[in-house]
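A.B. asks: Sequence:
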Amino acid sequence: MNIIPGTNGELALKISRFFDVSPSYIQVEKLPYGEKYVRIPFEPEGKVYVVNTFFPYPDEILFESRLIGDILRERGAEELILIAPYLSYSRGIASIFGEAKTFETLMNILDVYDRIIAVDFYGNTEKVESVSAMPLLAEYISEECDLVDPVVLGPDEISKEWIRYFANIIESDYGFISKIRVDAQNVVVSRVNADVKDRDVIIADDIVATGSTVVQSAKKLKSLGARKIYVAATHALFSRQVYADILKAGVEDVISTDTVLNFTSRVSVSEIMADRVKF
0 MNIIPGTNGE LALKISRFFD VSPSYIQVEK LPYGEKYVRI PFEPEGKVYV VNTFFPYPDE
60 ILFESRLIGD ILRERGAEEL ILIAPYLSYS RGIASIFGEA KTFETLMNIL DVYDRIIAVD
120 FYGNTEKVES VSAMPLLAEY ISEECDLVDP VVLGPDEISK EWIRYFANII ESDYGFISKI
180 RVDAQNVVVS RVNADVKDRD VIIADDIVAT GSTVVQSAKK LKSLGARKIY VAATHALFSR
240 QVYADILKAG VEDVISTDTV LNFTSRVSVS EIMADRVKF
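Once you know that position 153 of the sequence shown is 152 in numbering that gives the first Met the number 0, the rest is easy, because the numbers rise by one and skip nothing.
Hints were generated in silico from the structure; no laboratory data involved.
Given the structure is predicted, the values throughout are model-derived calculations rather than measurements.
Even glycine gets a Cβ: it sits at the ideal position worked out from N, Cα and C.
Where hints are given, some of them may not hold.
As the list claims (entries may be wrong) - In silico DSSO-like cross-links for lysine-lysine, where the CA-CA straight-line distance does not exceed 30 angstroms: (1) Lys126 <-> Lys13; (2) Lys159 <-> Lys247; (3) Lys227 <-> Lys247; (4) Lys13 <-> Lys29; (5) Lys100 <-> Lys159; (6) Lys196 <-> Lys126; (7) Lys159 <-> Lys178; (8) Lys46 <-> Lys126; (9) Lys277 <-> Lys221; (10) Lys35 <-> Lys46; (11) Lys159 <-> Lys221; (12) Lys159 <-> Lys126; (13) Lys46 <-> Lys277; (14) Lys221 <-> Lys247; (15) Lys247 <-> Lys178; (16) Lys196 <-> Lys247; (17) Lys159 <-> Lys219; (18) Lys221 <-> Lys196; (19) Lys196 <-> Lys218; (20) Lys178 <-> Lys227; (21) Lys247 <-> Lys277; (22) Lys100 <-> Lys178; (23) Lys277 <-> Lys126.
Unchecked claim - Restraint-style ranges between C-beta atoms, simulated for each label pair: (24) Gln26 <-> Asn192: 49 to 57 angstroms; (25) Val20 <-> Ser264: 21 to 29 angstroms; (26) Lys29 <-> Leu260: 17 to 25 angstroms; (27) Asp113 <-> Lys247: 13 to 21 angstroms; (28) Tyr24 <-> Ser238: 24 to 32 angstroms; (29) Glu42 <-> Arg239: 42 to 50 angstroms; (30) Arg180 <-> Lys100: 18 to 26 angstroms.
Build the full structure now, drawing on both the sequences and the hints.
C.D. replies: Set out below in structure tokens:
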């Protein structure tokens, strides 16, 4: 078995430690004129796991992962599995005439892999096995935050499954935030279907990027009398400025995982990833 880190394969080392093996390092370079150079200086053994997270340059990592997969196939890998803690384009299902079907294209490019393992990925395909980090985030918040009469809120009805699971772990009720998206950067929060007055609130989401939903939600929750507000996110794709805006809106703390390394990454998904690795 080989566990191979790509350019963004920091988790490969953590996963390898569960099996007392060393990662199988390859040569990946970005040439001065922008192209990728990939070389694999060993013969793959049995199952091969490639670890690459698709942030901050998803298109570049996508092409790199394809190059790595092609070489491993040529070198005789028996089974090829991509571990993509954060897999981009999960929401790229075209709904408007003329829009690119980015999710479908993603799957076509990655068809060199037998399986793909990702964290909290909600694209509709049997090829991707999605494991959830929400239980890990819930356990962390339950242990590290001194919660008072907590309630868990999801960003929409789509989040119902993981919100309910989250709430069960911290032994609270849950609800949802109704919002109207104005554009890619702006949302208007219209309703919160839970009692939040004098209660600690956890906003749980799979991705926080622009922070617009969190900022507007926090302002709404504060106006409704919420006590402390925490944000739990699997994939933290935001900048320091967005983080500052979130805190300014009234959020006490943001907790994320290491699917994407960020200054808010306090929960590791390495163990749940390692659980999916089979010799």
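A.B. asks: Looking at the structure, which of the earlier hints fail to hold?
C.D. replies: 6, 9, 21 and 27
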